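The listed protein sequences correspond, in order, to chains A and B. Oh and the first sequence: position 225 is 225 in the numbering used here, straight run, nothing missing. Count along the second sequence from 1, add 1000, and you get the number used in the numbering used here.
Misleading hints may appear alongside valid ones.
[Said to hold, decoys possible] Pairwise CB distance ranges, derived in the manner of DEER restraints:
id: 1; chain 1: A; residue 1: 207; chain 2: B; residue 2: 1161; range: 49 to 55 Å
id: 2; chain 1: B; residue 1: 1005; chain 2: A; residue 2: 60; range: 28 to 34 Å
id: 3; chain 1: B; residue 1: 1143; chain 2: A; residue 2: 207; range: 27 to 33 Å
id: 4; chain 1: B; residue 1: 1190; chain 2: A; residue 2: 217; range: 31 to 37 Å
id: 5; chain 1: A; residue 1: 64; chain 2: B; residue 2: 1143; range: 28 to 34 Å
No lab work stands behind these hints: they were computed from the structure. These numbers come from a predicted model, not from an experiment. Every residue, glycine too, gets a C-beta built ideally from N, C-alpha and C.
Here is what each chain is made of, one letter per residue.
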Amino acid sequence: MGKLEGKVAFITGAARGQGRSHAVRLAQEGADIIAVDLMGPVASVAYPMSTPEDMQQTVQEVEALDRRIIASQADVRDISALRTAVAQGTAELGPIDVILANAGIANQGAPDADEDLAFHEVLEINLAGVRNTVQAAVPSMIEKGQGGAIVLTSSTQGLTGRGGDGSGGSEGYAAAKHGVVGLMRTYANWLAQYRIRVNTVHPTGVNTPMIVNEVMERYLTENPGVGDALQNLLPVPMVEAIDISNAIAFLVSDDARYITGVTLPVDAGFTVR
Amino acid sequence: MGKLEGKVAFITGAARGQGRSHAIRLAEEGADIIAIDLLEQVSTIDYPMSTQADLDETVAAVEALDRRIVASKADVRDIEALTAAYRAGVAELGPVDIVLANAGIAQLGSAEPDPVVSFNDVIDINLRGVWNTVWPVAQDMIERGEGGAIVLTSSTQGLTGRGSDGSAGALGYAAAKHGVVGLMRSFANWLSPHNIRVNTVHPTGVETPMVMNEVIGKYIQDNPGAAAMVANLMPVDLVQPRDISNAIAFLVSDEGRYITGVTLPVDAGFTAK
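Bound-form chain A, shown alone:
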């Protein structure tokens, strides 16, 4: 029997990368999934965003585990779209027990970048989008009255600005990911009375399409100082999506029933360097 049998998890950015890995990992523990993703372009992002085919793959992998999944298109910048996705998902699967605010972009290194737009968009998606996600889904959790667990995906850049180069993308990414820690702390204080726990995870570079793409590779090649600053302490250049999923599966399970308000790096020692 899995650790999340009978639970329902709402996951943003679930079409691929970490979000897909989280959906599959939580389904392995018995959870049903409400999955959303943008599946469309963002002006300041030069690498390819997720597609409906990606989401179809997530759906197949969850269903192959004999769990249910309701997947839809939604932009985390649009809280009413998120509310609709939550309403449709809970109508089929029941109220939400777990929220994973995972959707995010990294727009550093886009050619001919409009730095102001890059800053603005990354804050909208990576910070306001997290707020929208929690606010859209947490009423279902509170109403159920059985507690719950929320994990917000921050970053090593939510704990340090190492490698910052003054670009709109890197300013915005660090500001948004630090801001996510602020959201986590205020939510942890607000929601403790409902036995709803709220934590952040802080991955170092993860082997996903957001990091492993031509735009990011060129950016790191052309800015060797940035790349050097992003070295981990353990002898590993990147971690895998499953490593973040394992940490999240622990945090949202009863094994962590008294862990709240915590910033958990999964960063191969990056922040302790």
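Following the hints, put chain B in place on chain A, whose structure we already have.
Same frame as chain A, now just chain B:
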């Protein structure tokens, strides 16, 4: 199949309380255990310390899980005795993969006829004892070249000094538990090239004989300020030893393979308040 099949864990303070719980939890995952405890009184502690009967109970509980355990009496202040006990365990069970530096005292409420002695005792046991525990094992882990996982038991008082009354016990406890974080960070940097991970856990009040005794009970009753030391964010007064053991079982398993240098509170939101 457990997550720690074939591993050997060295645990200090294993006669009762959190240490016993860790021994059992890790044995459930398949680990064999080298257990040590002081099993005698410390002069600056007014509550009863662990006994041989306590350690025997740990041995019986681990053996009931069909795992092996080598248990002996040793003082973490005495690096030679500690190392001898560790080596005796290795001779029977094989090399150590996991170290849990768990042994500790809390003098709050105990009489302080000589505050200097009280302060030195808590620093000796809760800080120097951690170094004594890890340092000899780390040498062997490096030489063996198969990595390893080390968890140092700090405290919420390793992250905040909340509730201090200026007693040698309170000051020494906070100083030692903060110092453990310094050790962890330094160990993590030293040992990461060898794939040895080092983290701290930070429990709030745990329902163990170190906390649930007449001396500390009276102290908290008589010192309303001390209530701040134990007031959690979540609606729960104390957590259970099992909650700390679950966090440690996650950290030392392959699910935490890229987690190092991390301070992990298991504190019902205490430090997020």
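Checking against the hints above, which ones are violated? Violated hints: 1 and 5; rest satisfied.
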